[in-house]
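If you're matching them up, the sequences are chains A and B in order.
Using our numbering, you'd call the opening residue of the first sequence number 1 and step up by one each time.
Using our numbering, you'd call the opening residue of the second sequence number 1 and step up by one each time.
Source of the hints: derived by calculation from the structure; they are not laboratory data.
Fair warning: there could be bad hints in the mix.
Sample of chain B residues facing chain A (criterion: CB under 8 Å; computed from the structure) [said to hold, decoys possible]: (1) ILE75; (2) VAL138; (3) LEU260; (4) ARG319.
Quick caveat: nothing in here was measured; it's all calculated off a predicted structure.
Note that beta-carbon positions come from the ideal geometry of N, C-alpha and C, so glycine has one too.
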Amino acid sequence: MKIAVCVKHVPTGQLRFDGSQERLDRSGPGEINPGDTNAVEAALGVRDTHGGEVVVVSMGTPQTVESLRTALAMGVDRAVLVTDPRAAGSDLVATSKILAKALERENADLIVFGQQASDGLGGAVWSAVAERLRLPFVSQVIRLSITGGGVSATRQTEIGDDEVEAPLPVVVSVSDAMNDPRYPSLKGKMAAKKKPLDTLSLADLAIAADDAGPAGSRTVVVAVGPSPGRADATRVEDEGIAAKAIVDFMIERGFA
Amino acid sequence: MKALVFLEHDGTTSQPSALGLLGKAAAQAPGDVAAVVVGPGPLDALVAEAGRHGAATVHVAQHDALVWPLPHQLIDIVEDVVCSGGYDTVMFSTSVLATDVAAGLSARLDAGLNWDLVDIATEDGRLIGSRPALGDSVMVKVGWTSAVRIALFRAGSFEVEALSSGQPRVEHVDATRLGSQSVRVVDRTVRETTRSSMEDAEVIVAGGLGLGGPENFALVEQLAALLGGAVGATRAVVYKGWYPPSTQIGQTGKTVRPQLYVALGISGAVQHKVGMKNSKNVVAVNLDPSAPIFDVSDLAVIGDLHTIVAEVIELLKARKAT
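Okay, chain A solo, but in the shape it has when bound:
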């Protein structure tokens, strides 16, 4: 059983834009998107039961290596990073194209994504990637088991829980309610340093320059301005006056 997990390296702390004022500043400290650790955990669980290999795949800046090391330290066998200056600023159309190319090389039986990225730039990349790979997909998975040549999964939606069956190979995106991701042990961190980590450029994936970055994207940022909402937010840090502040707010807005 070969399992691929897609992860994203996201900035930690206060999010801000870079000099272009259009893209997130990704030069500061970062970490693996928390929802993606649930995907890693799910993949490791399947491997531990059914055997095989788990490879983690990501696209991002060179700092993304830190997130890949986290996944390797959790127990993933191997990592692949697509990093290329020309890929910066890729939207969903371009990102899904690049990830699909990287995943094609792996030819995995199971491809796992985590929930929405914490940097807010998510959408549903799994659905776009599955479409490009022409593979079935199941999202919002809270339970997953391998059954013969397929998967049986519980998918959670606003309506309730769906029991879903799909054949392998398949793309799944897991909910952060699915499991509690393990923390990398010291031993795991040491072992991670020796595990294979391949770096690929767009040329390595035979992706044309105009299929990536702004040229390969189909959306643009036109302007960034102040948000009209919640601009006049009030912060109360003194517990002594907190209750009165809340009641005054409710009276002022006509709720009490």
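Starting from the structure of chain A, add chain B where the hints point.
What follows is chain B alone, placed relative to chain A:
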């Protein structure tokens, strides 16, 4: 703009958020807005409802296989409608299903997808969407460079208004190719959906893990009762069994937009915020000064909710007594 709005429904009525979006689209391009409705059963009531909310045309895909629709089937159907109808803009109101369909369609058509939009308008002849970013501290204006534009809106972005009484034109979509699917829903457990007072409530008081234990929901209930509101909960506390699933607010729960939302001990995971962001007034009490819920709060109170809420209850009681 020739727009197509995807209507998700429960068999009887379409999601309010999707109907609000239909009205918004109709205001932008009167007479040129269509809806797409899919399902197994009679869809006449849904078609009429779409007409009342601004659809001049409704594309109907009826097939037994659509009783529990999956994204794949809907991507096929919406693609057919977009291509045969010549639509240049496809609009969705965010849900688990709609998000998957929108992203898949984006890859299928190589069409740009802008998501988490709260507004859309034509500026200098160009369609522009508005997306809050950086914890809602800035508003980003976004556009499309593809022939077909896909727009995914935050649930509850627009008020639902009945616009006309006219009967829309109905176009049937051939759905016969949906018979064989590699992904199948074999069973569905519907979460208890007593359409609680919550979705219509003017005031919601919601509790999260910061309450410390199920017994402390008593505080939440008391405050809700004093404000004449409903009680909500986060997914985390529902999973712990502290409060019933029917009260869950967020991505996999309910989307609400009350006049007042009081968040007690709720950190504000993205998952939760999508369900309450459009509340008119938000008051949050949390111990952690960096809790994300404060990014969407009008009044952010940092402190121990147990003492603060107990005091708020006393103050409100005293006020009622006078």
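Tested hints:
no.	hint	in the structure
1	ILE75	holds, 7 Å
2	VAL138	holds, 5 Å
3	LEU260	holds, 5 Å
4	ARG319	holds, 6 Å
Every hint, counting from the list given before, is met by this structure.
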